[in-house]
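K.L.:
The residues making up each chain are set out below.
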Amino acid sequence: MQLTLWTYEGPPHVGAMRIAASMEGVHYVLHAPQGDTYADLLFTMIERRGKRPPVTYTTFQARDLGGDTAELVKRHVREAVDRFKPNALLVGESCTAELIQDQPGALAQGMGLTMPVVNLELPAYSKKENWGAAETLYQLVRNLLKDQVPSQPSHDPNAWKAEGRRPRVNLLGPSLLGFRCRDDVLEVQRLLTMHGIDVGVVAPLGAGVEDVLRLPKADLNVCLYPEVAESTCSWLERNFGIPFSRTVPIGVGATHDFLVEVHRLLGMEPPSAEEGYRRSRLPWYSESVDSTYLTGKRVFIFGDGTHALAAARICKEELGFTVVGLGTYSREMARPVRTAAKELGLEALICDDYLAVETAMAEAAPELVLGTQMERHSAKRLGIPCAVISTPMHVQDVPARTSPQMGWEGANVIFDDWVHPLMMGLEEHLIGMFRHDFEFVDGHQSHLGHSGGSGAGVDTKTAEHATVEVDEHALIWTDDGEAELKKIPFFVRGKVRRNAEAYALQVGCREINSETLYDAKAHYKA
Amino acid sequence: MSANLLKETGPREVFCGLTSIVWLHRRMPDAFFLVVGSRTCAHLIQSAAGVMIFAEPRFGTAILSERDLAGLADAHEELDRVCCELLQRRPEIRTLFLVGSCPSEVIKLDLARAAERLNEELQGRVRVVNYSGSGIETTFTQGEDGALAALVPLLPASDERQLLLVGTLADAVEDRLIHLFGRLGISTIRSLPPRQSTELPAVGPGTTVLLTQPFLTETARLLKHRGATVLTAPFPLGAEGSRRWMEAGAAAFHLPKERVAEVLDPLEERARIALRPHREVLEGKRIFLLPESQLELPLARFLQRECGMELVEVGTPYLNRDQMAEELALLPEDTRVMEGQHVEQQLDRVREHKPDLVVCGMGLANPLEAEGIATKWSIELVFSPIHGIDQAGDLAELFSRPLRRRQLIHPGLHPINPDQPVHA
Chain L
9 MQLTLWTYEG PPHVGAMRIA ASMEGVHYVL HAPQGDTYAD LLFTMIERRG KRPPVTYTTF
69 QARDLGGDTA ELVKRHVREA VDRFKPNALL VGESCTAELI QDQPGALAQG MGLTMPVVNL
129 ELPAYSKKEN WGAAETLYQL VRNLLKDQVP SQPSHDPNAW KAEGRRPRVN LLGPSLLGFR
189 CRDDVLEVQR LLTMHGIDVG VVAPLGAGVE DVLRLPKADL NVCLYPEVAE STCSWLERNF
249 GIPFSRTVPI GVGATHDFLV EVHRLLGMEP PSAEEGYRRS RLPWYSESVD STYLTGKRVF
309 IFGDGTHALA AARICKEELG FTVVGLGTYS REMARPVRTA AKELGLEALI CDDYLAVETA
369 MAEAAPELVL GTQMERHSAK RLGIPCAVIS TPMHVQDVPA RTSPQMGWEG ANVIFDDWVH
429 PLMMGLEEHL IGMFRHDFEF VDGHQSHLGH SGGSGAGVDT KTAEHATVEV DEHALIWTDD
489 GEAELKKIPF FVRGKVRRNA EAYALQVGCR EINSETLYDA KAHYKA
Chain V
16 MSANLLKETG PREVFCGLTS IVWLHRRMPD AFFLVVGSRT CAHLIQSAAG VMIFAEPRFG
76 TAILSERDLA GLADAHEELD RVCCELLQRR PEIRTLFLVG SCPSEVIKLD LARAAERLNE
136 ELQGRVRVVN YSGSGIETTF TQGEDGALAA LVPLLPASDE RQLLLVGTLA DAVEDRLIHL
196 FGRLGISTIR SLPPRQSTEL PAVGPGTTVL LTQPFLTETA RLLKHRGATV LTAPFPLGAE
256 GSRRWMEAGA AAFHLPKERV AEVLDPLEER ARIALRPHRE VLEGKRIFLL PESQLELPLA
316 RFLQRECGME LVEVGTPYLN RDQMAEELAL LPEDTRVMEG QHVEQQLDRV REHKPDLVVC
376 GMGLANPLEA EGIATKWSIE LVFSPIHGID QAGDLAELFS RPLRRRQLIH PGLHPINPDQ
436 PVHA
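Taken in sequence, the protein lines are chains L and V.
Per my numbering, the very first residue in the first sequence carries number 9; after that it's consecutive.
Per my numbering, the very first residue in the second sequence carries number 16; after that it's consecutive.
Calculated from the structure, these hints are not laboratory results.
Be aware that a few hints might be false.
Said to hold, decoys possible - What follows is a list of derived Cβ distance ranges for each label pair:
id: 1; chain 1: V; residue 1: E71; chain 2: L; residue 2: Y301; range: 30 to 40 Å
id: 2; chain 1: L; residue 1: V403; chain 2: V; residue 2: R351; range: 30 to 40 Å
id: 3; chain 1: V; residue 1: R421; chain 2: L; residue 2: G304; range: 17 to 27 Å
To be verified - Straight-line C-alpha distance at most 20 Å; calculated EDC-like pairs for lysine to aspartate or glutamate:
id: 4; chain 1: V; residue 1: K22; chain 2: L; residue 2: D72
id: 5; chain 1: L; residue 1: K82; chain 2: V; residue 2: E384
id: 6; chain 1: L; residue 1: K324; chain 2: L; residue 2: D487
id: 7; chain 1: L; residue 1: K59; chain 2: V; residue 2: E384
id: 8; chain 1: V; residue 1: K123; chain 2: L; residue 2: D72
id: 9; chain 1: V; residue 1: K391; chain 2: L; residue 2: E55
id: 10; chain 1: L; residue 1: K59; chain 2: V; residue 2: E359
id: 11; chain 1: L; residue 1: K169; chain 2: L; residue 2: D110
id: 12; chain 1: L; residue 1: K82; chain 2: V; residue 2: E359
id: 13; chain 1: L; residue 1: K350; chain 2: L; residue 2: E340
id: 14; chain 1: V; residue 1: K123; chain 2: L; residue 2: D110
id: 15; chain 1: L; residue 1: K93; chain 2: V; residue 2: E359
What the hints assert, rightly or not - To spell it out: a stretch of chain L is covered by chain V in this simulated footprint if at least three of its residues, at any positions, have a beta carbon under 8 Å from a beta carbon of chain V; those stretches are:
id: 16; region: 33–46
id: 17; region: 56–63
id: 18; region: 277–287
id: 19; region: 303–315
id: 20; region: 368–380
Computed from a prediction, not measured in an experiment: that's the story for all the values here.
Just so it is clear, CB atoms sit at the ideal spot from N, CA and C, and this is done for glycine as well.
Required output: the full structure, derived from the provided sequences and hints.
P.N.:
Listed below in C-alpha cells is the structure:
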C-alpha cells in the first residue's frame, strides 16, 4: 500500500479513454463498476467538451458479481456496437474488473464483430495514465496498420523532392487532458507551414481510423509528447522506416533545435538562427531591464518528463533563473531528467510521491515553483509563488484563450505565466527597504489584487520552523539573529535561514546571531 | 400512492459513495478520510475536489499495489504503517474514516476489523471507523449514509428528550432550523453529523429523529436500533415540505398547533413571496430528473407543487418506499418514477420528450446543453443550503437560473438576423 494524498496520474484506463475520446469513430467498452463513470467529467467539465466520451461502461454492481459478469460484458459490447457503430472498438478493464478477470477483450474478439477490435491489457496496479495512453495508441495503430507493414522497412525521407511536393509530417501525441495540446497543435502547424512543411495526420487528437491508415504516407513523424507517442513513433520507425523527431519545441532554444532537427531529417536547408528572436517576444522581454531582477531567482521544477525538461532549459538559458530542484513523476523519462539535473549540479527527483516532492520543495526553499496542480497545494502550504507547467491540471488550465506552450507564441505565454506569480520589481525593492507599512506588509503581492499578502506571512514561518526541526537541539538562534533574519525579504528568508544554519554547523558555532548571518552571507556569496 | 413506479437496469451514470468525502470533510474538519482502494479512487476524489487548493489535505488514498493483491504483503500491517505515516503528518486528526472501495470490497479486505484494531492501538488519541463508499454497493449520497451509520454505534447513550437532525446541513441552515424549533418550544436539538467529529450527539429512547436527507436508510435503521424514534415526513425542501417536516417534529413533542402556526405562517407567507419570481420562470415548464442522489423525489414534489413545473420523469438511483411514502403521496397521479437506470435509453427518452430542463450529472450536462437542452447539474444540490422554509426561494433559484441564463445570453450569442448589429 502507498499513502497517496494526491496522485500525479490517473489509472491506465483513463489514458485509454484519453485516446478514445481524442479520436473520431473509436469506441471504448470499459468493464468497470458503477461509479467509474466519474471519468466522463474529466472530458465534459475539465476539457469542457460538448459531447459524451465514446465510452460504454458495464457499471456492474455487487449483485452482478454473483451472476454472469462475462455475459454482462458481451451485452454491453453488443449494445455499444449497435448504437454507436464505431469504426474501431477498444475493449478493456478498470482496476476492479481486473480483479474479477472476465477477459472482456478476448470475449469481444470472439463475438464476430466486423470492425477491428483492440484488446487492451492495462495493468492498473502497476501502470498509470500516461502509460495507458501510450499503450492504447500503440496497440490501436499496430492493429490498424499491421496489414500494411512491408516485409522490409524502406523509407526515403527525401521522397517528397522526387515527387515534387512539399514534405509532409505527422504530429503524434496530442490528446485531450494533455497540457495545452489544443493550442500546441495549432502553433506547431503554423510553425511548420511557415517553413514549407505540410502536416499530414495529427493523432490521436481529432484523428479517425482513416487517418491512422494514412500514417505511413508521411516523410517524418513529429513526436510532440513522448509520454504518449514515443512507443508508436518507434514502432512506425521499425516497421515502416519512418524516422521521428526527438526534440520537443517548448522554449525558444528548443523550438530552434526542433526546426533544425526536422529540416535535417527532411533533407532541407536549416532555418535561420535569428528566427526565434524575430518571431517570439520572450527573448526581448527577458533581455529588457525590467527583467534584470529575475536573475538568479531560485526555482523548483516538477512535472511530467517532457515539460520538466523544457522548463529547466527555459529557466536556465532564457530567463536567467537558478534551478534549485528538478524532478518528474514520469519514470520512463527518468534518464534524460537525471542527465539534465546533473548538468545543473542537482540530483533529480524521480518519484510520484506527493509528500516526497513537498519535502524536497521545502528543502530547496525556492522563490518560485513550476509544477503541476499538485505543487500548487504544497506551494500554498509553504507560501511560495507557483505556476502550472504540466498535467495533472484542472479546469483553469484549459483556458478559452489561445495559450500554447510550444513554438514562438508558446514562449510568449510562458514568459507571462511564469513571471506573473513573482513579486513585481518595484514592490520587491520597497518591501526590502521599508518593513513597517500598514498595507504593503511582508509577503504582500499587490499585483495579485488581494490584501494581506499571499498568505506567506504566516505560512513561511511554520514552514521554516518545520524544516529545521532536526537542528533545533544543536543550534540556537539569538533574538538578535532572529531579528536580523526578519529583515531578509520573505521569499529568500527560508534559504538564508538554511544557509546560516549550515554555516554555523560547518564552523562549529552553536549560536546564530546577526554576525553569524552576515558571515554566512559572505561565505555563500548570497 | 398513485405514482407510476418503474424499474430499469443497464449502464449507469452515477458517482460512487466515495464522493461523499467531498462535502463530509468540510462538515467535520477534524476528521480524515482514508480510502483503501486503487489509483482510480484517488483520481476520482482529486478530480472532484482538487480544484480547491489544500494546504492541509483532508483525505487520501492507501493505494493497493500488486504486492497487496498477491498477498505478499500483510494487508493489516500495511494499513497500520500507512495510518501511522498519516497521523504523523496530521497529529491534529481526531477521527479517521477508513473508507472501503470496490477493490477493497472485491478482495474482501476486512476494514472493520482493521478499524477496531487501530482503535485499540490509538486509544484516546484518534478514533478509527470504517464504512464502504464502493461503487458496487453505494451510489453517491449513500456514502454519507455509510459514514453516519458508522458513527451511530459510537454515540453516547442517553434517555434525554431531544430532537436529532440527521443528515448534513449547511451551517447557516442548521442554525436557522435549531432557532425555529427553539421558538416552537423544543429546547434540546442536536445534529448528526456534528461540526466536530468528537462532539457526537447522544441517542436513546428519548430521541426523536428527523431525517434532513432522503438517503439515510441505514443510519435511520441503526438509530431505531438504539431506541430512537425516526419520524416519517416529507423532506424539508420547499416551503410546504419543510413546514410538514417541522410539523411532524412538533407533533412528536406534542406542541400546541396554534403555536406552530403562529411561528410558521409568516415564514410560509414570506416564502411564497420569495418563490414568486422563480415560479414565473418555471411554471408550466417540463422537467426530467435523472437518477443521482435520491433527492429527486422531494425535488420533483417541490418543483411541481410549489413552482408549477410538469414532471416528465423522476429518476432515482434507489427508492426506499417506506421513508418516501409521504413524498410519493404528494406527487401527481401517474408520475413516472424510475428506479435504476439504463442511461442510453433514458437519454433517448430525454431527447424524445425535449423537456425544458433536465436535472443530471456533470458527465451529461454539457453534452445535453450542446444538443440544445437546458440542464441543471444535480451535484450542486448537495453543496447548497436548500433546506427549510426560508430557503425555498433559493432552492427554486437553482432551477430558474439556467433558464434565465439562456434567455439572457441566447439572443446575444445566436443573433437571428445576420444583417443587424446585435445591440441595435
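K.L.:
Find the hints from earlier in the document that the structure breaks and name them by number, from lowest to highest.
P.N.:
3, 5, 6, 11, 18, 19, 20
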